[in-house]
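Q: Each chain is listed here by its residues.
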Amino acid sequence: MIVTQKALPRRTFLRGIGTSMALPLLDAMVPAMAATRLAAKPAVRLAFVYVPNGIIQANWLPSAEGSGFDFASTMQPLESFRDRLNVLSGLAQVSGRALGDGPGDHARAGATWLTGMHPKKTEGADIHAGISADQIAAAELGKSTQFASLELGLEEPSMVGGCDSGYSCAYTNTISWRTPSTPNPMEVNPRAVFERLFGDGDSTDPASRLKRMQEDSSILDYVRENVGRLRPGLGTRDNSKLNEYLDGIRDIERRIQKAEQQSAAIQMPVLDRPSGIPEEFTDHAKLMSDLLVIAFQTDMTRVVTFMLAHEGSNRSYRSIGVLDGHHSVTHHQNDPEKIAKTVKINELHVRTFAYLLEKLQSTPDGDGSLLDHSMILYGSSISDGNAHTHHDLPLVLAGGAAGRIKGGRHIRYPKETPMNNLLLAMLDKAGVRAEHLGDSTGEVQYLSGV
Amino acid sequence: MAILLLCLAVPAQSAPGSSAAQPQALIKQYCAACHNQTLKSGGIALAEMDLSDIASNSAPLEKVLRKVHSGEMPPPGMPRPDTATARAFTQWLQDELDRSAATHLNPGRPTIHRLNRTEYSNAIRDLLALDIKPGAMLPPDDTGYGFDNIGEVLSMAPVLIERYISVARTVSRLAVGDPAIKPESVEFRPPKNSRRRERVSDDLPFDSAGGLSVSYWFPLDAEYVIRVKLAPIAGFDGPQDTRSLELRLPVKAGTRTVALTFPRQEAFPEVIAGLRGTAAAPSTPARAAGPAPFADLRLDGARLKSYDLPEGAAPALVALTISGPYNITGPGNTPSREKIFVCKPAGANDELPCAEKIISRLAYHAFRRPVTSTDVQPLLDFYKRGRREGTFENGVEMALRALLVSPDFLFRIERDPAGLAAGSVYQVNDYELASRLSFFLWSSIPDGELLNLAGEGKLRDPDVLARQVSRMLDDDRSKSLVSNFAGQWLYLRNLAQVKPDPDDFPEFDFSLRQSFERETELFFSEILRSDRPVTDLLDSKFTFVNQRLAEHYGIPNVYGSQFRQVVLTDPNRGGLLGQGSILTVTSYPNRTSVVQRGKWILDNLLGSPPPPPPPEVPNLKPHGEDGSLLTMRQQMELHRSNAVCAACHSRMDPLGFALENYDGVGKWRTKDAGHVIDPSGKLPDGTQFDGMPGLRQVLLTTRRDDFIATVAERLLTYALGRGLETSDRPAVRSIVREASAGDPSAPAPSFRALIGAIVKSVPFQMRRTPET
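Chains as they are written, first to last, in the numbering used here: chain A, 95 to 544; chain B, 62 to 833.
The hints are simulated quantities; they were obtained by calculation from the structure and are not laboratory data. Treat the hints loosely; a few may be bogus.
[Unchecked claim] Beta-carbon label-pair distances, calculated as ranges:
1) N337/A x P567/B: 37 to 43 angstroms
2) K743/B x P274/A: 46 to 52 angstroms
3) A434/A x E832/B: 26 to 32 angstroms
4) G525/A x P311/B: 56 to 62 angstroms
[To be verified] Sample of chain B residues with no beta-carbon within 12 angstroms of chain A, all distances over it, derived:
5) P201
6) D209
7) G393
8) D436
9) R462
10) R538
11) N618
12) R652
13) S689
14) L691
Backbone N, C-alpha and C fix where the C-beta goes; we use that ideal spot for every residue, glycine too.
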């Protein structure tokens, strides 16, 4: 007895929205506030797409630098976006190294990728990393949108039996940290993402959606009063837990306000509610990518993190004939068969990313496409999965950042250049001021083409 | 060994405060060379420690006790005391630590505990008689210390409250039976990967095969459409519509079972060939001769309709869809409504008092404590709001929505009594104790009886407490101990995610996976229910199988898909270590893993996890230098020739090798890669054993105490919802002693005995105020 699908039938939608027609997912979208934004400066969107366990360098890294570089085999699906991306090499996230903490490179990789902070080695009680770059951006860019950020994933968080060498599973399950002690969970269910964006009501009719939000709003008031009543006499840990909860309340209240302001401007999409988690990796990845694009397109959010699998993932990819676990094959010890399997997984992930770029490119936004106006970082916080190295990270930065990034190049930075310098530069180009991130020493150069 | 057991069971037999001079000298002689303030090996300095002050040094001394007791310290190659001296030392140390713990109580301090998905689902089930597992709509929970009910670890990300609000809305509408509920379609599909035609659910008739049975909450008395889609029938070119069946019918609100069944017909082959690699729809064999088949659509077991199918077709279900409600006739008479509407207003003047009665009652159960007007008044405001815009019932629904998002419902918050000094220790109040009990044993809220006893101040009475624990364990809700505690402790939850390679294990399919899970669940339940010693988990003369599993294990004369208890004659199948579930979750998709199996035993049965592997571990080499295929043992021996690897693998591998006669899905085998399997092993301490029965014997004798202590530790972690500290070790020892009734020659304690001892223990009954 397995519930595989749970869908609202098309006719339910038709009833809810009167005369509108249900259309295929993307075409149905009404470009959000496209009219109002035409004149203004296009908003820059940020996405961070993560793949675990490193990438086989031989099939990844271009041999040539600068423009006219060659696309190595793994990266080939990205060749058609040559002008809209840069391959970045030489960057390092040295906080991911052991630094006296012993094993646990996968946990540290996940935790450092966007935070740049060496995570505290603990199984849970007192997890601590840093605020991640996406959340720094979300705090600023989120002022204009209903959702400060979205966190998407394709793999249920693991699992019983511990995650990595005495580290909390939080470090491997997410790359997004709202505060140094609050990891944001990755949502893996497309239906849940859809409902977050567009509501879980019986109708997408703006008036009833608004009424529901007002009801929610009064419930939030009630919850806040209750939390206030509970606080006196609680310990520090208890209080900090409640603070996190209050942050969540403020978040939704802000969103409701935004929705009220924007309800006239944004027409809700008419689209089929996803029915659940597709069984095939590729179907799941495409659906999630579609939702990511819709979230950008409707300007529901400008910041997304997207984990194609959690760090240290041992998922097997049957559809491409790799039955061994991903993590297992990355510890290949130069066994050609295992390397070949790892490469196949790397390729599958890159194809998934190419699909996302394709969608972004084909979605108009103001005077260009979403791809023109976005910055999408793809990569891993481990380069060699066999040796758990945290330098020479495999990274691709796609998107034009509304004219602030020039594509078409392979930029090789001096060895051990902090990846945090790249994150700072991305934040800067998104209009977000941040002075430091982890071991940053400034912003990386050359992105805008100079 | 007998002497040691005796000592363990009777603590503090040495005179209180007996001289520390001898142990002090021992430490100076054997430990101080490394463990001093200068070197501080392993972070521990013993040379300067004053052993007459146990209380101030209990944390490092607990480590000393562990390491010396297990023989890990002093390290190999260093001088060590003779066995008798070492035992005398550990006995003295343990007595002193226990004595110190008894006078310096440290129950720890669980943090605010958010209900996890399971607890949320169960709480809704018990509060509203609505068993729809709404927790599945919440974000996944974080796990720590092996469990997903650890307060400190369960995060409060912003997305949570958003989901709480949304789920509360869904739940309250369904529970009240809101007539404005819009139609929805839910599609159910049978598991893809089933290789055999067998009865798929115990809800279905014995003479059925294939099909699907689903439990569905019909929200209102209304019409619903049930649609059945059958697989294309190979070689049949009749009209298409034979494959899509539809029935529109009135259904009364509530949970009902909808099933589509096919008859079991001799004409159909038992095993469907050629299934491998086929896409969504299971393909069908060539036409079989025989009477025309049919499909039965059933509601709560009764046949709604029979559909004739083309002659010779071997039908297969693609999907069953339930849509509705249409033509609503009313909210119906559901268990949820009965539970909520304890009064019915006869007129307008009755409404407010009735609403107040309903809401106060719900809040009492949801908040798990007496409620005051401060609790009820805001909820009544929601009622009034809902009533203004709709009916009386809409008002109640609105109040319920708010109640389900209240922090008093969603969080377990224990409050320090006012005026206690920092670091003081106190008994949690009776309502908090009731919640601790119910979340431990039921993963849910306390029921009326527990709350009543708490209100009367009787719950702490030892007899009352014992009776309640017994009642709770006999209650059906205690099955959460199996699904949550055992499911996580033994990694059974990972079964859902294992994907054995179909080329290596063609016999593995959904039904076998389900059977594995069911066997271990039934087995664990039986040991819990019938009060057997926990060691029976490792060694039993019985298990539970159906035909599928019996064939897998080579047990003859078991027919049909229902599970039954069988007596085992094969010594290789008694206990967890012979069960397909454990053997499969500890294997790789394409082979067994000696290391994973050994590690699983060390982690979960012996409580001494090996340290994680260093990076750059060399891989196993499947071929020898001459190119010949190596057995797993040969590969591992090659691996162990590396000294770095040997330190841990010498502990893990022998345990795993003992299980090499079971393949990656737990099937018995005698050869691996063409070589006869040698399941013998030898631990670093010289213990030797042969195969699973030999290993089992070691676990039941020389390592018995370690096993029992590990069970107690895992149970206590789960019971408290927090990771254990070294300061909890005396509590674990006292729980084991209490559960063993001080008689070490008796059988090992049962789960009930351990649970009984846990609920009486200091960390379960008490709490500490923060230090500052």
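Q: Decide, hint by hint, whether the structure agrees.
A: Verification of the hints:
| no. | hint | verdict |
| --- | --- | --- |
| 1 | N337/A x P567/B: 37 to 43 angstroms | violated, 54 angstroms |
| 2 | K743/B x P274/A: 46 to 52 angstroms | holds, 48 angstroms |
| 3 | A434/A x E832/B: 26 to 32 angstroms | violated, 56 angstroms |
| 4 | G525/A x P311/B: 56 to 62 angstroms | holds, 59 angstroms |
| 5 | P201 | violated, 5 angstroms |
| 6 | D209 | violated, 8 angstroms |
| 7 | G393 | holds, 19 angstroms |
| 8 | D436 | violated, 9 angstroms |
| 9 | R462 | violated, 7 angstroms |
| 10 | R538 | holds, 21 angstroms |
| 11 | N618 | holds, 28 angstroms |
| 12 | R652 | violated, 10 angstroms |
| 13 | S689 | holds, 17 angstroms |
| 14 | L691 | holds, 14 angstroms |
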